[in-house]
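Work out the full structure, taking the sequences as your base and the hints as a guide.
These protein sequences, in sequence, are chains W and F. The C-terminal position of the first sequence is numbered 259 in the numbering used here, with every residue numbered one higher than the one before it. The C-terminal position of the second sequence is numbered 523 in the numbering used here, with every residue numbered one higher than the one before it.
It is worth saying that the hints were derived from the structure and are not from the lab. All clues stand as given, with none of them false.
Calculated cross-link-like contacts (lysine-lysine; reagent style PhoX-like; alpha-carbon spacing at most 25 angstroms):
1. F:Lys435 - W:Lys110
2. F:Lys434 - W:Lys98
3. W:Lys98 - W:Lys87
4. W:Lys189 - W:Lys98
5. F:Lys521 - W:Lys98
6. F:Lys517 - F:Lys456
7. W:Lys110 - W:Lys98
8. F:Lys522 - W:Lys98
9. F:Lys365 - F:Lys435
10. W:Lys110 - F:Lys424
11. F:Lys274 - F:Lys521
12. F:Lys521 - F:Lys424
13. W:Lys189 - W:Lys110
14. F:Lys517 - W:Lys98
15. W:Lys87 - F:Lys424
16. F:Lys522 - W:Lys87
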Amino acid sequence: MNQPLLELQKLSLSYHTMEGEVAALSDITFSVHEGEFVAVVGPSGCGKSTILNLICGLLPIEKGDIYFRGERLAKGSPLNIGYMLQKDHLFEWRTVYKNILLGLEIRHMKTAEHLARADALIEQYGLSAFRDSRPSQLSGGMRQRAALIRTLVLDPDLMLLDEPFSALDYQTRLSVADDIGTILRSSGKTAVLVTHDISEAVSMADRVIVLTPRPARVQSIIPISLSLGDAPRTPMASRNAPDFKTYFNLIWKELHTDA
Amino acid sequence: MRESALQEQYRKQQKRRKYRTHFLRLSLFAAFLAAWELSARTGLIDSFIFSSPSQIAATCVNLTLEEGLFTHIGITLYETIVSFLLVLAVGIGSAVLLWLFPGAAKVCEPYLVILNSLPKSALAPLLIVWLGANTTTIIVSGMSVAVFGSIMNLYTGFTEIDRDKLTLIYTLGGKKRHALFKVVLPGSIPLILSVLKVNIGLCLVGVIIGEFIGARKGLGYIIIYASQVFKLPWLIASIIILCVIAVLLYSLLNLLEKCYAKKH
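Printed below as a string of structure tokens:
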């Protein structure tokens, strides 16, 4: 197989407080290939989000290495990574359109070409009518879409999703996950999704990486291959696949094994 | 769209309540004035000490014609507004610096607390000696009352901005200055507006304190002068004018805040 887009090798990290040192990650090793959708599941507070923070450089690497396209990441490596947080964090003092341009503004990339791209995405994902609205006028699902477009206009090489649906109610959550999953898949983006929701992981990912409780280690890596027939692989279709439950149970078991 | 009868009734009732409140407010004021005037005329209270509404109205006219009342009002207003604007600039500037350098903020914190809780009227005599009996002193006196509290409130507000919003900026490749200009400042506008509303009153207090001890003009000067020569109608008239100024300045800022809220 060709070189992975992202490789984590023996990544370890501890949090330091006056009360002492808390080991958060221990020897995390996995890789993500171009175009792949990987989900990381683990019990709450096991340090899943920490992994994403390390990948995109919000936290300094303490021990171990991260390789991006074969190159070792060091502090300040210029990476084009899109990051979706739990909440959409659309700014109420900007219109939806201005929110979407936030990344371009920060990176001084408001060129005609990029603005056209933003317009195309807004059009494509049905937000044209809300261009000049305030975020509060949008539904939860629309807001997450706007947040997604905000990252997609930067054409990231890798998308990191940090429980991006957990702030939504169950109904919205299902449809937004379906929505975002389909968009990411159709645009061929490589993505790493962190979640504590097993069914969300199975429905969206090509592979699921199961972590142990703190300090998190990789418990197992489970490739997902659902029998969907001819149907396209959308999160909603995946949930209806006959072997969905099998994967769910398998991951459930892995999460509750004391290794 | 036609409204249902109940909705219409509800709306009418709310409107009636609103008018009633306005009416009662005005009646209270009128009753107070009437009682004051009457008791002064019938000798129930000593009109030399307590004056009376009619006397005060006459005084206002006199002051305007003979003492240039509007010059005094103008000077007090000018000093208040200048010190208010300076507090705004110094307050935001310092709070931004503290936000940019959290280490320095930790070091400065106890000093800010002490300066803020110090009764500022105690500073005025010192300011006169240091800066002289002039407009600058009075403006500084006005600032001294509001500035430390503003810095503390704004800095606290800046640090309470959702950490994830800052994370978002960093994940988009932004630096600290982006976090400041794209999140912290625009996100703090409601806070800044509410701090301004408090400040305008505080600046007026500081300016009057300053005028008490180091001025030849302004409402504070009239108050002190009138109390020394026992011209009580002058004194009371000045206080009433101060009330009106305070209310007007506050409503102006209130309007600004409402405009902002409406826009967003």
